[in-house]
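Q: Next come the chains, spelled out residue by residue.
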Amino acid sequence: MTRAALAKSDGSLYWRIQARRMLGVRGLLLLVVGFILAYAALFPGLLTPSGFSKFTQSWFPLALVAMAQALLMLTGGISLAIGAIVSLGAVIAATTMSGALGVAGGTLAVLLAGLGVGVVTGLIVVKLRLPAIVVTLAGSFIIGGAALVILPRPGGSVPIWFSDLLAGDLPTAFAVLVAIVLLWKAYLATPLGLSLYAAGENPVGAYRSGVAVDTAQIAAYALSGMLCAGAGLFVAAQTGSGDPVIGASFTLNSIAAAVLGGVGFLGGRGTMRGALLGSLLLSLMISVMFFLGFTPVAQYVAQGLIIIGAVAIPEIRKVQR
Amino acid sequence: MTAAAPILAARGVSKSFFGNEVLRDVTIELLPGRVHALLGENGAGKSTLINLLSGALRPDGGRIEVDGRPVASFNPAGARAAGVAVVQQELSLTGSLSIAENIGIGDFPRRRGLIDYRALARSTRAALDLVGLDEPLDRPVAELSLGRRQMVEIAKALHRRPRVLILDEPTSSLSSTEAGTLAALVARLSSEGLAILYISHRLNEVLAICDYVTVLKDGVRTADQPMQGVSGPGLVRLMVGRDPGDLFPSWTSDREHRPALSVEGFSAGAMRDVSVEIRRGEVFGIGGLVGQGQEDLLLGLYGAIPAKVRRAVVGDRPALPRSVPEANRLGMAYVPADRKREGLHLLHSIATNLMLPAFARWPALRLRDRAGERRTTRDLAAHFSIRGDLSRAAQALSGGNQQKVALAKWMPHDPSILLLNDPTRGVDVDTKREIYGMLRGFASEGKAVVLLSSDAQELVHVADRVLVVREGRVAALIDREDLREETIVAAAMGAERERVAT
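Same order as they appear, the protein sequences are chains A and B.
The numbering of the first sequence is our numbering, which starts it at 1 and goes up by one.
The numbering of the second sequence is our numbering, which starts it at 322 and goes up by one.
Any given hint could turn out to be false.
According to the in silico footprint, chain B covers these stretches of chain A (three or more CB under 8 Å from chain B) [stated by the list, open to error]: (1) 10-17; (2) 184-190; (3) 193-200; (4) 203-215.
Simulated from the structure, these hints should not be mistaken for laboratory data.
Source: prediction; values computed, not measured.
We put the beta carbon where it would ideally sit given N, CA and C, even for glycine.
Build the full structure now, drawing on both the sequences and the hints.
A: Here's what the structure looks like:
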């Protein structure tokens, strides 16, 4: 490349870096577009405002937990407590919003609970240097227990107007998701946010370079906790009430979505846009298979095969090269 | 320039690890405008000294001074604040981030809390220009060759505008063009008043670009002088030559004419095109700087990694083993360097460790013969003087005794070819003496002993011949009559032999 061309490309450094990251997920993007077209062909209602709203609502909580999981996997960690925090968020929302705290106070309580759980988990993992998988497994029992204490059996309620706002015919959920993604972009444009990658891939090198490795990792757990609790709130709004075990399936689905999105287990590999696309692909797969009349068993098997394929294909291509 | 005061200095520093003294009373002064070479063999204490100067370690004794003032507690952040930048051999880059983000990390220009990518582009482009790299700034580091990554690492150090630049083996992965760019850069930076500490194993490079040299040997400073009038052989002499004492056995060669193993055009891992014939009854040494491909040579011969060969004979079989069990059947045994991870199962008993190769040979479902095993392990322990209760976990043993277990476990199979990967590293002196005696003993029984060692002195005193490896190729095959530390070190570092022979 000539000097002039280099100087020109330097001027738009930020956007060029973004474009490179898009390049990394282009295969996945094509697959997702393909599934969207297939889904739209099977169910033309998808293209109406209410159909679009309903579909994004079914995707929304999975998108949040996929982000929450990817955030931790980028630091080289993982969480098995995702589902438990979703449940905790759901029961807190269902027990506070119709009471004295109201919707605003309840939302704040949910987010603070997620933040607190995340910070404590992060402190234990990072400061005591314990394996994240063990700490979050233990955490899932404790947090799940706490959810059962708050609401021993399904119940509580979320104000109907709030349920209608989030899970009605308006694309509110999609708008909230866009806002969250923009906030994430802003976070990643800060030194602390970007150091997440360095801290995950090469912690020793990052430490030597003056990166606040511990802070970056604890912040990741905190943000991850908030996202999960937020997903719980949404689930409570969707169902209009709280259920202390409703989050259970999200733990493994969050890992599946992140892996589909190309996020690696060893830290520093992958992108948030990948994880989001992974979660979207998972949601689309479920919907499309439902419309094609797959039995639930066949759906699970197909889901498993697609995930293994998604992980194996890049590896096989690497070997062939 | 003569009156310049040191920016960074270590005065009389000492450092021990687990009672093992690696630096003793070492003083070094880094002056502005001076390119200072730090030389020493493997394990002489260079890395420890760099870690002290960059705040990664604290000295046990002595002190670190910045601008003539002692610093109470020097840490990496303090070192950075004092303007010390280190380019380590182990790169600090993140593959998934762009070149610009890697250079700026830890020191990003900001605007309203966010990274200022425009300012970052300007400053990182300037740093890349210094090291002569024309790459798009948005390119992920993972896509770059190792040499280019090294240059990015140097640009990253320069991006912080340091006053002291420490370069640890900066040219080990550079092409000759890149190394030339670096030499010019070093000269320019020092003329701008930077203090530079330059660690390299390439003597010609050191002679060409450094003004001053400090030599370490076994943790002690043996030279500290201007480079004028110093020659390559002079540097080699400063780095070697300890008093061997009575550490080594006296022996006469039992080398036979019958080859135990011979290869032609052998390549495996980082090793390329080796042709060699190893005879029965000899200790065949493999030397050179650490990590030049020697380990791949051993592993390739042992069938543990894929090897290509034009012609090979092992015993009377015309091929190399393709797997470890096959190698074992051919009478080969391998003792790895990392005995804690590869050589032994630390949590299991000494007796189990001694029996493992035997378990591997027996039919999978044969019932164990406890009495026979006890006899075997008792005999082995007695023969190798491994003392104490054999039912203890192997981790209870000292490093030296662990090494003896790793070696002894092969003996019931009477191997004819022993491949030993640095068997005396981290072993106490008494056990070293025992191991040297055993190695000569094996040779006198007619076994072929292949001894890979990072210790040139040990090779000189124990081996019949030494193959010196440099950058994945055979640099020299030295016969016993020419075998001196100087010849090994000179071959390992690529100094010409004629000049050494003076």
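Q: Could you run down the list of hints and mark each one as holding or not?
A: We went through each hint and held it up to the structure:
no.	hint	verdict
1	10-17	holds (count 6)
2	184-190	holds (count 3)
3	193-200	holds (count 4)
4	203-215	holds (count 8)
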